[in-house]
Amino acid sequence: MSTPFEPNPAVAVPHIRVREPLRLRFTLLWCVLLFVFSSSFFLLRYLESFEYAEAVSRQKIAKEELLRQWLGLKGASLRQFADDYSQWDEMLQFSREPDERWARDNIEVSLRNFQSCGAWVYRKDGTLVYSIEQGLPKDVHAPVLTADLLREQFTRERAEPFFMASCGSLFELRVAHLRTSADNERTGEPHGWYVVARHWGPEQFQSLSVLTQSRASIEFGAAPPVLIDEGERYQLAHPLGDARGGTVAWIRLHCGSQDIAGQLDHDWVQLLIFSSFVVITMGIIIACLKLWVISPLELIGRSLAQGDARPLADLEDDRGELGHVAQLVRQSFDQRRLLEAEVAARRQAEAALRQSEASLLKSMEERAELARNLHDGVIQTLFAAGMGVGGALPLLTTNPAEARERLEKSRLMLNEVIRDMRSFLSGMEQQEPEGGMAGALARMAHHMQGIRSFTPVIEIGELAEDELSTEERAQLLYISREAISNALRHGQASTIRFTLSLEPSGILYVIADDGRGLPKDGDLQPGHGLANIRSRAGELSAVLEILPAPAHGLVLRILIPIEASP
Amino acid sequence: MNPTAAPNPIRVFIADDSELVRRGIASVLAASSSPRIDVVGEASTAGAVLEGCLRTTPDVVLLDIRFPDGTGLEACRQLAQALPRTGVIMLTSYSNDGYLYEAIASGAQGYLMKEIDPAGLTRAVADVQAGRSILDPESTARVMRMMRTQRTPQGGGQGGALGSLSVQERKVLALVASGRTNKEIGEELGLSDNTVKNYLGSVFEKLQVKRRSQAAAIYVQSNPSSN
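As given, the protein sequences belong to chains A and B, one line each in that order. Take the first sequence: its position 363, counting from 1, is numbered 363 in this note's numbering, and each next residue is one higher. Take the second sequence: its position 107, counting from 1, is numbered 107 in this note's numbering, and each next residue is one higher.
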């Protein structure tokens with residue numbers, strides 16, 4: 001037989017294995033994202049501080065430059081004042097013949113314009129011709145240059161102003177040679193010196209403070225001052241040179257780059273806002289992923305792993321894609337069940353087919369055997385019987401006695417054939433009643449319900465029954481019939497119990513009813529029933545006891561002894 | 001009704017679907033003279049039995065088991081209800097235990113094989129008419145003998161004991177010795193209950209015992225190592 005459908009369990013439903021749970025993978029992904037984000041955050045932070053340091057140093061340079069330029073600018077007016085006035089023929093004239101009026105009109109009034117506090121005119125021999133001081137605080141006097149100093153230091157033209165300290169105040173001074181206006185190249189022999197000075201009070205630093213956005217202060221002394229440098233708070237210093245090339249004092253600038261610090265703080269806040277935004281976004285994404293994707297997928301995964309669609313019940317109501325997947329999974333389970341049931345049914349059918357084929361083969365063999373036996377035995381005997389009958393015919397008139405004998409012999413032969421046939425047929429009948437005592441008793445009780453309705457209780461031990469011969473069973477059934485009849489007709493019983501069991505002493509059959517029991521006189525009078533039962537029991541070589549039941553009713557105990565050995 | 005005093009012939013009703021059998025039985029009964037027997041009616045179907053008997057009120061009914069339209073057992077039950085004084089003898093070719101038990105359960109007074117000899121048949125009819133049951137102790141033994149001698153024993157005596165058993169019989173006996181019931185043996189060997197019983201009957205005859213326990217004892221004694 002070819003089977004059109006060969007079930008292959010390995011192909012029927014693929015087994016799905018997840019190497020790592022989805023949740024773990026997403027957690028890892030989240031960690032990686034967090035790591036990348038935080039490292040970029042710190043990198044950004046590092047770069048920013050670097051940039052900040054650079055900005056600060058740039059600012060330092062810029063401020064130093066500003067300071068220098070401011071100093072240059074400051075000194076420019078003083079230089080102009082000195083240079084312009086010193087190369088003036090009237091001034092030359094004034095140094096030779098001092099004129100109070102001229103000095104008042106030309107020098108004194110100009111001091112203010114050039115933000116100067118004093119001016120001095122010396123002749124070539126070092127004689128102070130004229131000096132004036134103006135606008136100085138009380139007790140503060142400008143330093144006076146001695147003729148020696150002038151001769152020592154200022155024999156040649158010097159472009160730069162220089163500083164001197166006097167009375168605790170700082171003065172900027174400019175010394176210019178007196179020349180004729182024709183000496184444009186300023187190379188000719190000087191005729192004297194013109195000195196101007198400016199007092200450096202606090203008001204002088206105002207413009208510097210505004211310009212550099214720093215507070216400025218003066219430190220006297222040649223040694224460079226100790227400067228603070230703490231990131232955005234730092235100090236700058238610039239030396240102020242004296243006439244001899246040394247340093248008389250330092251300008252110290254107290255800088256606090258609030259702008260950069262503010263920007264940095266601002267950046268921090270921005271970064272924090274950005275970070276919290278990123279964290280919140282990631283959290284929301286994770287929550288949504290978990291709610292919408294991971295949890296349903298885990299359900300599906302669990303369902304697949306367990307081979308059970310029950311966890312998907314809720315998910316199936318979802319109208320989204322995963323709901324469809326859940327339905328698909330459930331359907332696949334259903335199909336798998338169907339398929340398995342079908343495969344099982346098919347296997348069962350195949351087994352049944354094989355069995356029936358085998359039994360067919362067997363019954364065909366049996367048929368052949370039967371035919372052989374019929375041929376060898378039955379037909380031969382039938383022939384013999386037929387011949388016997390044939391032989392008897394002519395004897396019917398001549399020798400009736402002989403004919404009768406032969407016919408009788410033929411009849412016996414035919415009976416033998418019948419027995420042979422019966423043995424062949426034994427077990428071949430389709431609907432033979434099953435030979436069990438329990439069934440026969442049940443049917444008997446059913447048939448006898450017509451006399452009176454009662455409940456039979458039948459307990460037949462199988463081994464005990466097997467031990468009984470056909471005759472013993474027939475007799476016990478007959479006894480049962482008598483007993484039922486008695487119990488119903490005379491005892492009015494409503495329940496009758498039949499028990500067959502194998503005891504050490506033999507086979508015990510007990511019929512117990514709940515009727516009225518024996519009549520009062522105790523005799524076994526009622527009907528032929530009990531007498532018949534007694535004689536049948538005797539025939540079985542059984543021991544019969546007729547007892548009143550514990551409550552009421554009657555008990556028949558029949559013990560058929562078994563000999564241990566034949 | 002005293003049979004010895006009454007010269008009245010016994011009224012018999014014959015129910016069998018084969019006319020030949022009915023005629024044969026009728027001729028056998030008619031030939032009887034010591035109890036005179038009248039065949040008062042016949043039926044060829046199970047359905048006609050009750051009606052015929054109600055009409056003719058026979059003393060004894062000879063009833064086949066198999067009819068084209070039903071079973072004699074059903075007819076027997078109807079008769080036991082409708083005519084309790086009428087005796088019923090099942091006259092059949094079935095030697096199956098089940099039918100015997102069923103006949104007793106259905107209220108039959110007797111169970112005879114059709115191959116009974118004419119004298120036996122008339123005696124059975126007379127017994128039942130007299131109110132005795134063919135399953136009375138003495139007649140039962142006769143019937144049972146008839147049912148049991150289906151096959152004549154081949155092996156003689158107990159000397160060969162197990163040697164005379166066929167392979168299948170030995171198998172059955174071995175299982176009996178191991179304490180199995182007939183049903184279990186049938187399931188194990190793939191046989192019907194009846195077949196197992198037949199094998200056992202044959203075993204009992206060959207070993208000349210009456211009981212399973214005895215057969216099992218012989219088996220164990222002479223074959224202790226066998227399974």
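Hint data in this document are derived by calculation from the structure and do not stem from the laboratory. Treat the hints loosely; a few may be bogus.
Said to hold, decoys possible - Here are the computed lysine to aspartate or glutamate pairs in the EDC-like style, where the Cα-Cα straight-line distance is at most 16 Å:
no. : chain 1 : residue 1 : chain 2 : residue 2
1   : B       : 114       : A       : 420
2   : A       : 409       : B       : 19
3   : A       : 63        : A       : 340
4   : B       : 114       : B       : 19
5   : B       : 210       : B       : 188
6   : A       : 124       : A       : 100
7   : A       : 60        : A       : 229
8   : A       : 74        : A       : 90
9   : B       : 183       : A       : 152
10  : A       : 124       : A       : 108
11  : A       : 124       : A       : 160
12  : B       : 210       : A       : 148
13  : B       : 114       : A       : 416
14  : A       : 409       : B       : 188
15  : B       : 210       : A       : 539
16  : A       : 74        : A       : 160
17  : A       : 63        : A       : 265
18  : B       : 210       : A       : 160
What the hints assert, rightly or not - Beta-carbon label-pair distances, calculated as ranges:
no. : chain 1 : residue 1 : chain 2 : residue 2 : range
19  : B       : 54        : A       : 485       : 21 to 27 Å
20  : B       : 130       : A       : 375       : 44 to 50 Å
21  : A       : 353       : B       : 130       : 55 to 61 Å
22  : B       : 179       : A       : 495       : 30 to 36 Å
23  : A       : 485       : B       : 31        : 19 to 25 Å
24  : A       : 391       : B       : 48        : 36 to 42 Å
25  : B       : 54        : A       : 449       : 48 to 54 Å
26  : A       : 395       : B       : 179       : 47 to 53 Å
27  : A       : 516       : B       : 54        : 40 to 46 Å
28  : B       : 48        : A       : 555       : 39 to 45 Å
29  : A       : 375       : B       : 54        : 44 to 50 Å
30  : A       : 352       : B       : 36        : 45 to 51 Å
31  : B       : 31        : A       : 375       : 57 to 63 Å
32  : A       : 548       : B       : 130       : 50 to 56 Å
Claimed, not checked - Stretch-level coverage of chain B by chain A, calculated; a stretch enters the list once three of its residues show a Cβ under 8 Å from a Cβ in chain A:
no. : segment
33  : 97 to 103
34  : 180 to 186
35  : 203 to 214
Ideal placement from N, C-alpha and C gives every residue a C-beta, glycine not left out.
Outcome of the hint check:
For a cut-off of 16 Å, the pair hint linking residue 114 (chain B) to residue 420 (chain A) stands: about 14 Å separates their Cα positions. Between the alpha carbons of residue 409 (chain A) and residue 19 (chain B) the distance comes to roughly 24 Å, so the proposed pair goes past 16 Å and is violated. For the proposed pair residue 63 (chain A) and residue 340 (chain A), the alpha carbon gap of about 90 Å is over 16 Å, so the pair is violated. Note on residue 114 (chain B) and residue 19 (chain B): the hinted pairing holds, with a Cα-Cα distance of about 14 Å set against a maximum of 16 Å.
Taking the CA atoms of residue 210 (chain B) and residue 188 (chain B), the gap is near 24 Å; set against the 16 Å cutoff, the hint is violated. Taken as a hint, the residue 124 (chain A) and residue 100 (chain A) pair is broken in the structure, with Cα atoms around 20 Å apart against an allowance of 16 Å. Between residue 60 (chain A) and residue 229 (chain A), the direct Cα distance comes to roughly 11 Å. Compliance with the 16 Å bound is thereby established for this hinted pair. Note on residue 74 (chain A) and residue 90 (chain A): the hinted pairing is violated, with a Cα-Cα distance of about 27 Å set against a maximum of 16 Å.
Distance check on the hinted pair: residue 183 (chain B) and residue 152 (chain A) sit about 151 Å apart at the alpha-carbon level, beyond 16 Å; violated. Between residue 124 (chain A) and residue 108 (chain A) the alpha-carbon distance is near 22 Å, which puts this suggested pair outside the 16 Å criterion. Between residue 124 (chain A) and residue 160 (chain A), the direct Cα distance comes to roughly 21 Å. Violation of the 16 Å bound is thereby established for this hinted pair. At most 16 Å may separate the alpha-carbon atoms for a hinted pair to count; residue 210 (chain B) and residue 148 (chain A) exceed this at roughly 170 Å.
Between residue 114 (chain B) and residue 416 (chain A), the direct Cα distance comes to roughly 12 Å. Compliance with the 16 Å bound is thereby established for this hinted pair. This hinted pair does not check out: residue 409 (chain A) and residue 188 (chain B) have alpha carbons roughly 43 Å apart, beyond 16 Å. With a C-alpha separation of about 15 Å, the suggested pair residue 210 (chain B) and residue 539 (chain A) falls inside the 16 Å cut-off, and the hint holds. Restraint check: the Cα-Cα separation between residue 74 (chain A) and residue 160 (chain A) comes to about 12 Å, which is no more than 16 Å; the hinted pair holds.
Restraint check for residue 63 (chain A) and residue 265 (chain A): the C-alpha separation of about 23 Å exceeds 16 Å, so the hint is violated. A C-alpha spacing of about 157 Å is found between residue 210 (chain B) and residue 160 (chain A), which places the hinted pair above 16 Å, so the restraint is violated. Distance hint for residue 54 (chain B) and residue 485 (chain A): a CB-CB separation of about 23 Å, consistent with the stated range 21 to 27 Å. Checking the proposed 44 to 50 Å range against residue 130 (chain B) and residue 375 (chain A) shows it holds: the Cβ atoms sit about 46 Å from each other.
With their beta carbons about 58 Å apart, residue 353 (chain A) and residue 130 (chain B) fall inside the hinted range of 55 to 61 Å. Distance hint check: the CB atoms of residue 179 (chain B) and residue 495 (chain A) are about 33 Å apart, consistent with the given range 30 to 36 Å. With their beta carbons about 36 Å apart, residue 485 (chain A) and residue 31 (chain B) fall outside the hinted range of 19 to 25 Å. Checked against the hint of 36 to 42 Å, the pair residue 391 (chain A) and residue 48 (chain B) passes, with Cβ atoms roughly 40 Å apart.
Evaluation of the 48 to 54 Å hint for residue 54 (chain B) and residue 449 (chain A) yields a failure: the beta carbon distance comes to about 22 Å. A hinted range of 47 to 53 Å for the beta carbons of residue 395 (chain A) and residue 179 (chain B) is inconsistent with their spacing of about 59 Å. Hint check: residue 516 (chain A) to residue 54 (chain B), Cβ distance near 34 Å, so the stated range 40 to 46 Å is violated. Remark: the range hint 39 to 45 Å for residue 48 (chain B) to residue 555 (chain A) is upheld by a beta-carbon distance near 44 Å.
Checked against the given bound of 44 to 50 Å, the beta carbons of residue 375 (chain A) and residue 54 (chain B), roughly 48 Å apart, stay inside it. Taken as a hint, the range 45 to 51 Å is violated for the pair residue 352 (chain A) and residue 36 (chain B), whose Cβ atoms sit roughly 60 Å apart. Distance hint check for residue 31 (chain B) and residue 375 (chain A): the Cβ-Cβ separation is about 36 Å, which falls outside the suggested range of 57 to 63 Å. Checking the proposed 50 to 56 Å range against residue 548 (chain A) and residue 130 (chain B) shows it is violated: the Cβ atoms sit about 33 Å from each other.
Note: the segment 97 to 103 of chain B has 6 residues with beta-carbon separation from chain A under 8 Å; the three-residue rule is met and the coverage holds. Residues of the segment 180 to 186 of chain B lying with their CB closer than 8 Å to a CB of chain A number 3, which satisfies the three-residue condition for coverage. Residues of the segment 203 to 214 of chain B with a Cβ under 8 Å from some Cβ of chain A number 8, which satisfies the need for three, so the listed coverage holds.
Checked against the numbered hints given earlier, the structure breaks hints 2, 3, 5, 6, 8, 9, 10, 11, 12, 14, 17, 18, 23, 25, 26, 27, 30, 31, 32 and satisfies all the rest.
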